[in-house]
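Take the given structure of chain W and dock chain L to it, following the hints.
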Amino acid sequence: MKPARFDYIRAGDIAEAHAALADHGNDARIIAGGQTLMPMLSMRLVRPKIVVDIMHVAALHGIAASGADIRIGAGVRQAELLAWPGLAEHLPLLHAALPWVGHAQTRSRGTVCGSAAHADPSAEIPLCLLALDATLELSSRRGRRRVTAADFFTGMMTTARADNELIEAVRIPKKPAGAGYAFNEFGRRHGDFAIVACAAVASGDTTRLAVGGVADTPALHELGALGGKELDDALDAFAWALDARDDLHATARYRRELVRRMGRATIEEARACRD
Amino acid sequence: MSSVANSTQWCGQSVERVEDAALLTGRGRFIDDLGVKPGTLHAAILRSPHAHARLAAIRTDAARALPGVAAVLTGADIRTLSSSLVVGVKAPVECWPIATDRVRYVGEPVAVVVAASRYVAEDALDLIDIDYEPLPAIVDPVAALDPAAPVLHDGLGANLASERAFRYGDPEQAFAAAAHRIAVTIRYPRNSCTPMETYGLVAEYDAAEDAYDVLANFMGPFSLHAVMARALKVPGNRFRLRTPPDSGGSFGVKQGVFPYIVLIGVAARVTGRPVKWIEDRLEHLAASVSATNRVTTLEAAVDADGRVRALAWDQLEDVGAHIRAPEPATLYRMHGNLTGAYDIHHVSVRNRVVLTNKMPTGLNRGFGGPQVYYALERLMQRIAVELELDPVDVIRRNLIPSGRFPYRTATGALLDSGDYVKAFDIALKDGAFASLRERQAKARAEGRLYGIGLTAAVEPSVSNMGYITTALTPQERRKAGPKNGAQATATVSLDPLGGVTVNVASVPQGQGHRTVLAQIVADDLGLMPADIRVVTDFDSGRDAWSIASGNYSSRFAAAVGGAAKLASGRIKARLARMAAAQLNVGVDEIEFAAGKVRARGNPDNALPFTRLAATSHWSPGLVPVENQALRETAFWSPPELTAPTEGDEINSSLCHGFIFDFCGVEIDRVTGAARIDTYVTMHDCGTILHPGMVAGQVTGGFAHAVGAALYEEFAYGDDGSFLTGTFADYLVPTAMEIPAPLILHLETPSPFTPLGAKGVGEGNCMSTPVCLANAVADALDLDAIDLPLTPAKLAGHIHGAERAPPQRPAAARTGKGRALHGVGEARVDAPPETVWRMLLDPGTLAAIIPGAHGVAKVSDTHFRADVTLGVGPVTGRYKADIRLSDLDAPRAVTLIGVVTGALGDARGAGRITLTADAGGTRVTYDYDAEIGGKVASIGGRLLDGAAKVVIRQFFAALVRHTGGAKPGFLARLFGRGA
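Each protein sequence line maps, in turn, to chains W and L.
Converting from the first sequence to this note's numbering requires adding 47 to each position, the first position being numbered 1.
Converting from the second sequence to this note's numbering requires adding 150 to each position, the first position being numbered 1.
Honestly, the hints are just simulated from the structure, not real lab data.
Misleading hints may appear alongside valid ones.
[Stated by the list, open to error] Okay, the calculated bits of chain W under chain L, using three or more residues with CB under 8 Å as the criterion:
| # | region |
| --- | --- |
| 1 | 48 to 54 |
| 2 | 280 to 291 |
[Said to hold, decoys possible] Every beta carbon over 10 Å from chain W, so not counted as near; a handful from chain L, in silico:
| # | residue |
| --- | --- |
| 3 | Gln159 |
| 4 | Thr230 |
| 5 | Tyr269 |
| 6 | Glu272 |
| 7 | Ile278 |
| 8 | Pro284 |
| 9 | Lys629 |
| 10 | Arg683 |
| 11 | Ala764 |
| 12 | Tyr861 |
| 13 | Pro899 |
| 14 | Ala934 |
| 15 | His949 |
[Stated by the list, open to error] Looking from chain W toward chain L, a few residues come up when the C-beta cut is under 7 Å (computed):
| # | residue |
| --- | --- |
| 16 | Val93 |
| 17 | Arg235 |
| 18 | Leu295 |
| 19 | Ala297 |
| 20 | Thr298 |
| 21 | Arg300 |
| 22 | Tyr301 |
| 23 | Glu304 |
| 24 | Arg308 |
Because the structure is a prediction, the values reported are computed rather than measured.
No residue lacks a Cβ here, since even glycine has one placed at the ideal position from N, Cα and C.
The following block holds chain W by itself, in its conformation from the complex (with noise of 0.2 Å):
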């Protein structure tokens, strides 16, 4: 369980990981905390050829308050957002759903835009950024761009980054007066990758709730104002559409009924919580 051979940069600056993404395109890949890359480096599921480290990068640090948004900045690892005072005032949701994101030592070097990055259908920053509406920065080279968490999202561990793109922060809207959030997720040890999580955000008369570890992406569902035995039959045709699997841990209509089950209590429990 040894890496393959490849060369290590530590950029100085966002152009040169740039570059470093412009010569090499698929050949090279970003670190960060390196909580996940780490292991498929040992394990040789990734053999690039190049490793970008973006940890040196001043500006890539730091979490700011930005018009209506939170930006987090792709050197911002998870404790550090976890520690942020601002946390619970403006991104409830995060402070909820953050203690479930692997264990405090792994958060202590991953970082939010990496979990973002490796899209993993049943992490939690990535169902929370999709419940948020939540934007990323990408750029290169040739410019700058940023594409919404509902379009980055395209695949088990696939996304809308170009090979040549640095994710150079995620935008969160801040918590508006009036709204209200839950998190609530089912794991098999503390820790573990979700079987299901659900993330709910309650404002007014809408209610949105985000699947996790159920299809190949994070998904989201619009519920309005449903109650009663509407929201039921909402939740479960939810739940069918998203194509649950079979795996080792949990069957799909086990998954199928942590969807009804837990995302209603989480739609309730958001509700509630509005302010």
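This is chain L only, laid out in the frame that chain W set:
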């Protein structure tokens, strides 16, 4: 004179562990921490991605040519320089540490690269080119018995490796007379205790001496030293086996490093250099040692009041792909105590051992106990349920009565000591069983799912080395000569400054042997534990050892501790005679206390211990030879451990502790998760030498058992693919998942061990899984339940029928493991004849097979290609072998593809049908695919997506190549699972 020291008894106290200072400050000396000689090479092992395949060709030229590679060894090389490992049943079958003619499980070694570094060695693995001819695999032990099943070992002619029937008392009569016959059938799954440190070794070969020297984190039993020496074709005295000072857990598992000692030993011989190999976690999970999975039917003849009169066991043991020593020991370790803690006089047993395409099995904490007690204690609960009795009464009624010890069981064990009824009653009282019942009643009244489980068990320890021969018939045993006993050894020596050193062959893996031995010898010699230096790193060339040496069957406290006491006692007797002469008192009046050797009743008439202890070094001329004290080695084998009788009665273990557990478990109605609300475990392990370590052993065994019960399983697909290759899929619980049990004790010293101690380290691995299962069965009112008790499995009993899907029917997604099925269709703007020609043309195939570097046409219907496939972040190079069959030009063809590469392999068959459709062609397809190897083990969740992408790319390219199609037509091209 210290009156405190005078009265101090170290045994029985939780003294600070001498091991901990080094371990807690990162100064442990594990195999991979130790320096190696200059020039040491590093080995990496290529392993089979197939569960069953013939090795048609192995091409190693490219690997050998890689700079830094010293050698590439295959089965042929190993066959030349070693011989087969001895197999524990009388059958014409071999067991090699590497595949020779075919592979029989995923992870079986196929080639060994020896290179300047592990990195280079792993680079070279990628360059080895192997042609596998896949064979049908057999995974299920019952199916393996089918005469039509694929046979693993031609020498056996079938997969049944051993079958024996036993009869004790008069079971037929007991069953005929019984008021009730109650039975359970159990499928016990595979799991392992997964030590934190994996296997590791450094092997050297001395050509001048024709001798091997191996340093390995092997744990015994050292009967395997003989197996290894024979395989390496040297006498035992030319195979020196040493162990490092520290070993990071074993739980039986590191017994399984022994085939690698042979394999890497040969590599050292071939290269003429020391060779180091450290097993990585992927290798460990796929190919180290698993506990056996077992199918058991157990039936009881029962009186109306729940009293069990007879048991009928039928055990089908699955040892995996090879009968690797010491198997089939798992099946026979418990033979003497198949009646558990109960007074049952009539027993019949049918034991069968079967081979399947899975990892070979071996020692694992609990060794045979979990499988036996799961059946026995599920049965006891079923008796209570079916006869509408209180399970507490059923257990009590059947326990061996007080005052009947030593008690000879029907199958031959001599239960040394205990008072089971008393321990049972103490546990119910001190564990507050009555309030647990109230808690359950309250929970149930609130509509919650809450169950109570109980288990009584006998925990055997200090195995009789002869029990394994119970697998042979009495005739076979007579021919082979009797095997029995369990030699324990310990050496106590005195140095010229009067210091005391203890050497043992107990090979600890973190248990704290050094601390306990210091306590024992300090008590004996009236010293402080810190005065005693205990050395546990082992050297077969210098230490006293025998075949039973090692760290297994919970033998340390009873056997090794006892041998140390005996060795110390001999030194003490000599010193006492020496002291008596010097102090002018009788030997009977000498006492050892507070660092002095003195006259009892006159403490001023004393000699410092160190001065007396040094005497035989400095002035032996002053001491009669029979009183000289320098070094004593005790060999101790208890006489109770006799060979199996003609009637197959076997005292399989020397000591038998008693365990009674009960627990309360609540099941979440939404998730099906089982939460252990309360757990009480009562132990009688004889005399307790170190309470803290006993608590540690019980807690550790409990943690392993919670894993086995609720989380862990080595899972295999129906095709033998291995599905739990990382700790993301093989779920070991952490401190977050394991509650602290309430531990209770009753101490009934063993009359058969020098210190009265018994083993205690494995008991909860035996009792806890079934105790939890009984609680779950009680909570959910289930007749039958097998491990692991996963949330999805339990939810299946709670959630009830599912509503039908709202619109479209869900395509059935069946099958276990990584089997994929799919259907789909596409429309192509070319007539069927054109599409047909393309499918049979290497040029077109090269263009449309995703990632193909070139397609070689072997025949009109057989193609080979090199392809690079990537899904998400995962990229790998593969060899594709594609055959076309059932050709119906230009209407239909079947594509059979086998894709093999370093990441794993995929096999698929798809039927493609072409139908003319308005000037174009409608292409429909229907495929089945299976994926195995490293990818199946690691990226389980990635695979469905991978297959989808590859198939999508194939058909998209086909469409492009024929001139395109309507935009967007691929959007929903694939059926579920595609």
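Right, here's what the structure says about each hint:
1. 48 to 54: holds (count 5)
2. 280 to 291: holds (count 5)
3. Gln159: Per Cβ check, L/Gln159 is outside 10 Å of chain W; nearest 42 Å; holds.
4. Thr230: With a cut-off of 10 Å, L/Thr230 remains clear of chain W, as the shortest Cβ separation is near 29 Å.
5. Tyr269: Not fine: 5 Å to the nearest Cβ puts L/Tyr269 too close to chain W.
6. Glu272: Non-interface label fails for L/Glu272: nearest chain W Cβ at 5 Å, not farther than 10 Å.
7. Ile278: holds, 14 Å
8. Pro284: holds, 23 Å
9. Lys629: holds, 47 Å
10. Arg683: It holds; L/Arg683 is separated from chain W by about 37 Å at its closest Cβ, greater than 10 Å.
11. Ala764: Non-interface label on L/Ala764 holds, nearest chain W Cβ at 52 Å vs cutoff 10 Å.
12. Tyr861: Label violated. Min Cβ-Cβ 6 Å, cutoff 10 Å.
13. Pro899: holds, 40 Å
14. Ala934: Per Cβ check, L/Ala934 is outside 10 Å of chain W; nearest 19 Å; holds.
15. His949: Label violated. Min Cβ-Cβ 5 Å, cutoff 10 Å.
16. Val93: At about 5 Å, which falls below the 7 Å cut-off, the nearest Cβ of chain L leaves the hint on W/Val93 intact, so it holds.
17. Arg235: holds, 5 Å
18. Leu295: holds, 6 Å
19. Ala297: Because about 4 Å separates W/Ala297 from the closest Cβ in chain L, which is inside the 7 Å limit, the hint holds.
20. Thr298: holds, 5 Å
21. Arg300: holds, 6 Å
22. Tyr301: holds, 4 Å
23. Glu304: holds, 5 Å
24. Arg308: holds, 5 Å
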